[in-house]
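A.B. asks: Okay, here's what each chain looks like letter by letter:
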Amino acid sequence: MAATAGQRQVDLREPRSWRRSKNRILTALMVLSFVLMIVPLGFVLVTVIAKGASVISASFLTSTIPVDVEPANMGGVGPAIVGTIEITALATALAVPLGVLGAVYLNEYGRNRVLSRLIGFMADVMTGVPSIIMGLFIFSIWVLHFGYSGLAGAFALGCLMLPIVIRSTDEMLRLVPDSLREGAYALGATKARVTATVVLPAAIGGIVSGALLAVARAAGETAPLLFTILTVTTVNANVFSGPNTALPLQIFSNASSPYVGAQARGWGAALTLIAIAFILMIAARVVTARYARYTR
Amino acid sequence: MSSVAPPEEAAPAGSPGALSERRPLGDRSLQVLTLAAGILVLVILVLIAVSTSQQASSWFSKEGTNIFASTWNPAANQFGALPFIYGTAITALIAIVLAVPVSVGVALLLTEVVPYRWARPIVYVIDLLAVVPSVVWGLWGILVLAPWLQGIYSSIGSGVKGVPVLGNLFGPPASGASFFTAGIILAFMITPIVTSLSREVIATVPAIDRQGAYALGATRLEMIRGVSLPHSQGGIVGAVLLGLGRAMGETIAAALVIGSSATITSHLFAPGYNMPAVIANEFGEASGVFRAALMGLGVLLFAFTIIINVAARGIVARSIRRQRGA
Numbered sequence: 001m002a003a004t005a006g007q008r009q010v011d012l013r014e015p016r017s018w019r020r021s022k023n024r025i026l027t028a029l030m031v032l033s034f035v036l037m038i039v040p041l042g043f044v045l046v047t048v049i050a051k052g053a054s055v056i057s058a059s060f061l062t063s064t065i066p067v068d069v070e071p072a073n074m075g076g077v078g079p080a081i082v083g084t085i086e087i088t089a090l091a092t093a094l095a096v097p098l099g100v101l102g103a104v105y106l107n108e109y110g111r112n113r114v115l116s117r118l119i120g121f122m123a124d125v126m127t128g129v130p131s132i133i134m135g136l137f138i139f140s141i142w143v144l145h146f147g148y149s150g151l152a153g154a155f156a157l158g159c160l161m162l163p164i165v166i167r168s169t170d171e172m173l174r175l176v177p178d179s180l181r182e183g184a185y186a187l188g189a190t191k192a193r194v195t196a197t198v199v200l201p202a203a204i205g206g207i208v209s210g211a212l213l214a215v216a217r218a219a220g221e222t223a224p225l226l227f228t229i230l231t232v233t234t235v236n237a238n239v240f241s242g243p244n245t246a247l248p249l250q251i252f253s254n255a256s257s258p259y260v261g262a263q264a265r266g267w268g269a270a271l272t273l274i275a276i277a278f279i280l281m282i283a284a285r286v287v288t289a290r291y292a293r294y295t296r
Numbered sequence: 297m298s299s300v301a302p303p304e305e306a307a308p309a310g311s312p313g314a315l316s317e318r319r320p321l322g323d324r325s326l327q328v329l330t331l332a333a334g335i336l337v338l339v340i341l342v343l344i345a346v347s348t349s350q351q352a353s354s355w356f357s358k359e360g361t362n363i364f365a366s367t368w369n370p371a372a373n374q375f376g377a378l379p380f381i382y383g384t385a386i387t388a389l390i391a392i393v394l395a396v397p398v399s400v401g402v403a404l405l406l407t408e409v410v411p412y413r414w415a416r417p418i419v420y421v422i423d424l425l426a427v428v429p430s431v432v433w434g435l436w437g438i439l440v441l442a443p444w445l446q447g448i449y450s451s452i453g454s455g456v457k458g459v460p461v462l463g464n465l466f467g468p469p470a471s472g473a474s475f476f477t478a479g480i481i482l483a484f485m486i487t488p489i490v491t492s493l494s495r496e497v498i499a500t501v502p503a504i505d506r507q508g509a510y511a512l513g514a515t516r517l518e519m520i521r522g523v524s525l526p527h528s529q530g531g532i533v534g535a536v537l538l539g540l541g542r543a544m545g546e547t548i549a550a551a552l553v554i555g556s557s558a559t560i561t562s563h564l565f566a567p568g569y570n571m572p573a574v575i576a577n578e579f580g581e582a583s584g585v586f587r588a589a590l591m592g593l594g595v596l597l598f599a600f601t602i603i604i605n606v607a608a609r610g611i612v613a614r615s616i617r618r619q620r621g622a
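Sequences listed follow chains A and B, in order.
Heads up: the first sequence is residues 1 to 296, going by this note's numbering.
Heads up: the second sequence is residues 297 to 622, going by this note's numbering.
Okay, chain A solo, but in the shape it has when bound:
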């Protein structure tokens, strides 16, 4: 004891060295990359809010779309909001049930079979298919025969949403513990009954939240609608026939317009669209936080 007490204390901290500096540089670079990532997001949000807020009013959200030369305080985007809601709702009604059923196949019936692995893989691949291809696809199989309509736009958006819903639902079903399924089987239930009354209810929070995220993504898509619903300036309440319009399409046409008034209405529409997307995303978060029993 006496011998060690006299010894110099060993300093375990790393000496100031090139190794340490390099490590610091790396950490700084990582923080810098995060800053580089949020700066453009901040710029976009600030610009859209600053330029959009001055345009938005109750009459902007409800009145009809004027010609581009009108000044900023004239007209609004009412028909586009109606169109976006109609078409996105119809696309959701098509894609979400099919997507959930597909995921039930992947996870409950086809587990580990070659076909189910192939479908799962191709669903992943399909999420990477450019949205404009969905527009061209629906144009060639539907619009050429039956004409432009909100329904055609909903088909295109549905094609876009389907793989996203399948993948998110599949992930949620996989989190449901097998002990729940086995407990229900032990009570004598069939697979269909177990799926409908035990597995899906257990995963419902995650499924809804994934579906909301898919809707948020679809509501902002322009390219699939370009060749399927055309762009009109009046309200078309009939989603099943006749050309329609939607917010992203109006922003697209206003962004390429040289008139200040049209550009200002473009910013207003952009703020409306971002607000819709963010509300859906926040709703998804709330659903996950409050109702999801199993999360990653």
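No lab work stands behind these hints: they were computed from the structure.
Fair warning: this is a prediction, and the values are worked out from it, not measured in the lab.
Glycine residues also receive a C-beta, built at the ideal position from the N, C-alpha and C atoms.
There's no promise every hint is true.
Said to hold, decoys possible - In silico lysine to any residue, SDA-like type, Cα no more than 20 Å apart, as pairs:
#1 A:K22 / B:E518
#2 A:K22 / B:K358
#3 A:K22 / B:A499
#4 A:K22 / B:L525
#5 B:K358 / B:F579
#6 A:K22 / B:R516
Unchecked claim - Pairwise CB distance ranges, derived in the manner of DEER restraints:
#7 A:R20 / B:L378: 47 to 55 Å
#8 A:K22 / B:A599: 43 to 51 Å
#9 A:V260 / B:A503: 54 to 62 Å
#10 B:A372 / A:S241: 32 to 40 Å
#11 B:P469 / A:A289: 48 to 56 Å
#12 A:S63 / B:G458: 52 to 60 Å
#13 A:A58 / B:A613: 29 to 37 Å
#14 B:Y420 / A:A58: 27 to 35 Å
#15 A:G183 / B:A503: 26 to 34 Å
#16 A:S63 / B:V440: 21 to 29 Å
#17 B:P468 / A:P258: 21 to 29 Å
#18 B:Y420 / A:A93: 25 to 33 Å
Said to hold, decoys possible - Rough simulated footprint, nothing fancy, chain B against chain A, three-plus residues with beta-carbon under 8 Å:
#19 73 to 83
#20 112 to 121
#21 128 to 134
#22 190 to 198
#23 221 to 232
Assemble the complex: chain A is given as a structure, and chain B must be docked to it using the hints.
C.D. replies: Same frame as chain A, but now just chain B:
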């Protein structure tokens, strides 16, 4: 973490081998229904390929191998796709070069540096970035970013004028709406997906390897270089490929900021065109062979993105599986 599926599943009542031989009708019909919904994915993919190729057939048969010619002049009935393929490659490449270092940096920050409760808000921000619609990026790009970049481009251009390689890449003409602006906007748009996939892959690096490296006295940099990156290399390559596929197919933002000029030039600050943008901008007024040619560009784009996505998903899946198995 999901638990590993047990080798034998519990046999549900009514399944073969259980007490009764025939399964109830409701059970069988749900199975058929779900199978049909699953197969729909494959059907849609096949239908996309068939129907769009059919619409494009008059272009393919008229031009033959000339579809890859370098002249695109609808007025003279010349429909060569090369300018757009070139533009797609250039803009996607610019986007990847700008986005990948940032994405991998943020992914490493999330997995190796910040504690869990800090990581969650950062992930929320990344999700916000992902949900900003393409057309809003385009609106901002053409009305705010492009005019601002125009000045920067022209000062860079006059600075490097006459310098051998740099002059060819960054010299005049300088336009706010150009290959480079499109590349920048695409980079913003693909950062979220590359980040979240890289993060997922890096998160599968076994904690014991990480702690082993630290126990040997490695700094964080040495641990990342010696453990995290070698473990997740393959997966990150897959994530980058997936970002490339997204950047190639992203339409509306590119259509607004790329400058709409079907030229092949090495000047990155010059206006150009890419495949999705030309389809979006010109399809409305096109008919006959012109429309078939645009449809054909769509077929080519579909083929390119499918190949890239299959490769990328394969690589990511293999990498994650190998990590879990190890």
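A.B. asks: If a hint holds in the structure, say so; if it does not, say that too.
C.D. replies: Comparing the hints with the structure gives:
Distance check on the hinted pair: K22 of chain A and E518 of chain B sit about 9 Å apart at the alpha-carbon level, within 20 Å; holds. Taking the CA atoms of K22 of chain A and K358 of chain B, the gap is about 60 Å. The hint is violated against a cut of 20 Å. Only pairs whose Cα atoms come within 20 Å are accepted, and K22 of chain A paired with A499 of chain B is rejected, the gap being roughly 23 Å. At most 20 Å may separate the alpha-carbon atoms for a hinted pair to count; K22 of chain A and L525 of chain B meet this at roughly 17 Å.
Between K358 of chain B and F579 of chain B the alpha-carbon distance is near 19 Å, which keeps this suggested pair within the 20 Å criterion. A threshold of 20 Å between alpha carbons decides the hint, and for K22 of chain A with R516 of chain B the separation of about 10 Å falls inside it, so the pair holds. Between R20 of chain A and L378 of chain B, the C-beta spacing of about 52 Å keeps the proposed range 47 to 55 Å intact. The hinted range of 43 to 51 Å is satisfied by K22 of chain A and A599 of chain B, whose Cβ atoms lie roughly 44 Å apart.
Checked against the given bound of 54 to 62 Å, the beta carbons of V260 of chain A and A503 of chain B, roughly 57 Å apart, stay inside it. One distance hint, 32 to 40 Å for the beta-carbon pair A372 of chain B and S241 of chain A, holds here, with the actual separation near 38 Å. Here the CB-CB span from P469 of chain B to A289 of chain A is close to 52 Å, well matched to the stated 48 to 56 Å. The given range of 52 to 60 Å is respected by S63 of chain A and G458 of chain B, whose C-beta atoms sit roughly 56 Å from each other.
Taking the beta carbon of each, A58 of chain A and A613 of chain B are about 50 Å apart, not inside 29 to 37 Å as hinted. Take Y420 of chain B and A58 of chain A: their Cβ atoms lie about 31 Å apart, and the range 27 to 35 Å holds. Between G183 of chain A and A503 of chain B, the C-beta spacing of about 33 Å keeps the proposed range 26 to 34 Å intact. Between S63 of chain A and V440 of chain B, the C-beta spacing of about 26 Å keeps the proposed range 21 to 29 Å intact.
Distance hint check for P468 of chain B and P258 of chain A: the Cβ-Cβ separation is about 24 Å, which falls inside the suggested range of 21 to 29 Å. For Y420 of chain B and A93 of chain A, the Cβ-Cβ distance of about 29 Å falls inside the hinted range of 25 to 33 Å, so the restraint holds. Counting residues of the region 73 to 83 of chain A whose CB falls under 8 Å from any CB of chain B gives 0; the rule of at least 3 is not met. With 6 residues carrying a beta carbon less than 8 Å from a beta carbon of chain B, the region 112 to 121 of chain A meets the three-residue requirement, and the given coverage holds.
Counting residues of the region 128 to 134 of chain A whose beta-carbon sits less than 8 Å from any beta-carbon of chain B gives 7, enough to reach three: the coverage restraint holds. Interface restraint, the region 190 to 198 of chain A with chain B: holds (7 residues with C-beta to C-beta distance below 8 Å; minimum three). By the rule of at least three residues with a Cβ nearer than 8 Å to a Cβ of chain B, the coverage given for the region 221 to 232 of chain A holds, with 5 such residues.
Checked against the numbered hints listed earlier, the structure breaks hints 2, 3, 13, 19; every other hint is satisfied.
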